[in-house]
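Novice: Sequence:
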Amino acid sequence: MLLLRLTTRRPARTTTLAETLTLHRHFSSNNKSFNLKGLPFTVPPTSVSSSFRAWTVTQGIDKLINLKNCAVTPTYMPFYVFDFNMKDNLNKVTYHQGLPIYAGYNYRRSLANSAHDSTFSNNENISNAELFEDKWLNRIYSPAHNSFSPTQAFINEEVVLDTWKSHRSSCWRVAMSSVTNDDSSKFELINSNRAYLPVYIVEYTLFNLPFRVAISGCDKNINDPIIHHLTDHRFMSDEMKQNFANWIKRGGEMLGNNNSSSYNDPYRPNRFNRSRDIGTFAFYGLLGAARFVLSKLPMFLIAGLLFGVSKKLLYPFYVESANWEESQKEKEFESRESGEWKWKNTFKDVGGEGRRNFKRQESRQQQQQYYEKRQGGRQQQQSQRSQQQQQQKQRTTGTSSSKVKFDFDTTDPYAVLVLDKSKPLTKQSLSQAFRREMMKWHPDRYHDATEERKLYATERTKLITNHYTQLRKRF
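Position 333 of the sequence shown, counted from 1, bears residue number 333 in UniProt numbering, the numbering being contiguous throughout.
You can take every hint at face value.
In silico lysine-lysine, DSS-like type, Cα no more than 25 Å apart, as pairs:
no., residue 1, residue 2
1, Lys87, Lys344
2, Lys92, Lys344
3, Lys440, Lys421
4, Lys454, Lys440
5, Lys331, Lys165
6, Lys37, Lys342
7, Lys473, Lys423
8, Lys462, Lys405
9, Lys427, Lys473
10, Lys87, Lys186
11, Lys342, Lys186
12, Lys462, Lys427
13, Lys37, Lys135
14, Lys186, Lys344
Everything labelled a hint here was simulated from the structure, so no lab data went into it.
What you are looking at is a predicted structure, and each value in this text was computed from that prediction instead of being measured.
Please work from the sequences and hints to get the whole structure.
Specialist: Structure, rendered in structure tokens:
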């Protein structure tokens, strides 16, 4: 199995252990103590490598990236994890358990949140998690040995510790906006916890653009993970976008006015403008190539090509650019917030309707997963059983064929179909011979015969069909 190159590439800004952890494992904020929760790494790097490789195959980019140049960085990311109830405008109460919101500095929030969006929703509550242990930073927890035994790739390596940046008030605002856009919705915050959660960051390059993938370091379903890939870098700067727009604008002006004054002005010195002439040559070259390709292809193929390019290149580029701009605006808005905690619940779920609905939905999901797993097991058993029966049938057929002895050359189609070699073979004569021999040796005519005779008729009809098919290809 091809393994990715495992590194601990530290970001530009990290927090040392002494600055982040105290002997009592708690943080101090607004003169109040917050217990710091955490989860250890339970997923080995080899599983992350194999999962990422399988994901590249499903995405169709396995041939476009070099796995040897990919880097995997284990890191602990800071999160605020919220448990809360929400009442919509229809007075329906929904309970949200374990919604993590990234509160760090080094990564995009949409990338970090994707790694643990289901860690606590269907599992144990974050309140029951362990307190963060500083020894988790030195070794990757190996569940096979039930101890902190380093793997070969992580000897003498420390896990990167991300920096805390966001306040609880900012993360709570993001959590509320992530579940609804309705300003009339009411919220009841039940619990909030600080936590360091394990994440593997996989860095790879696609079309010379750097991308990052976040994979949970404690996901039980690592063999079938939900992987999100984003970039922490901007595709094009404002200057690059402006230059590209100007280039397109100049090309449109040249198409609209081929007799431009910049070329036909007799009083203008005939100088070589490198940037202008190279840009003009490139524009007309691309335009000519596009015209040639479009003139040689049918319209439905052109439409499919344009749709594929738009779906695979243009639309992801637009979405990623929009997400980048949105992330930048969120960072600017968050930097202007005071960070003071002033939240008061706008309603109270006295009867526990939200939790009952959550438990009911969780039970339905578990039943559905059990049913799908059971159905998958049954289908797999049926497939294996049918495959075994087919193999047994082939073995039986091969054995029976070897036992049957014919008094003619089975490789000669004229002998099998009882054709006269002295007469020219026609399509009509071939069809007549095929019908005659099939009617003569059809197994249904020998249902009262001995087993040897039945076997002889069956093998004879197989020979007749095979040789008829070969001769039929001549016409």
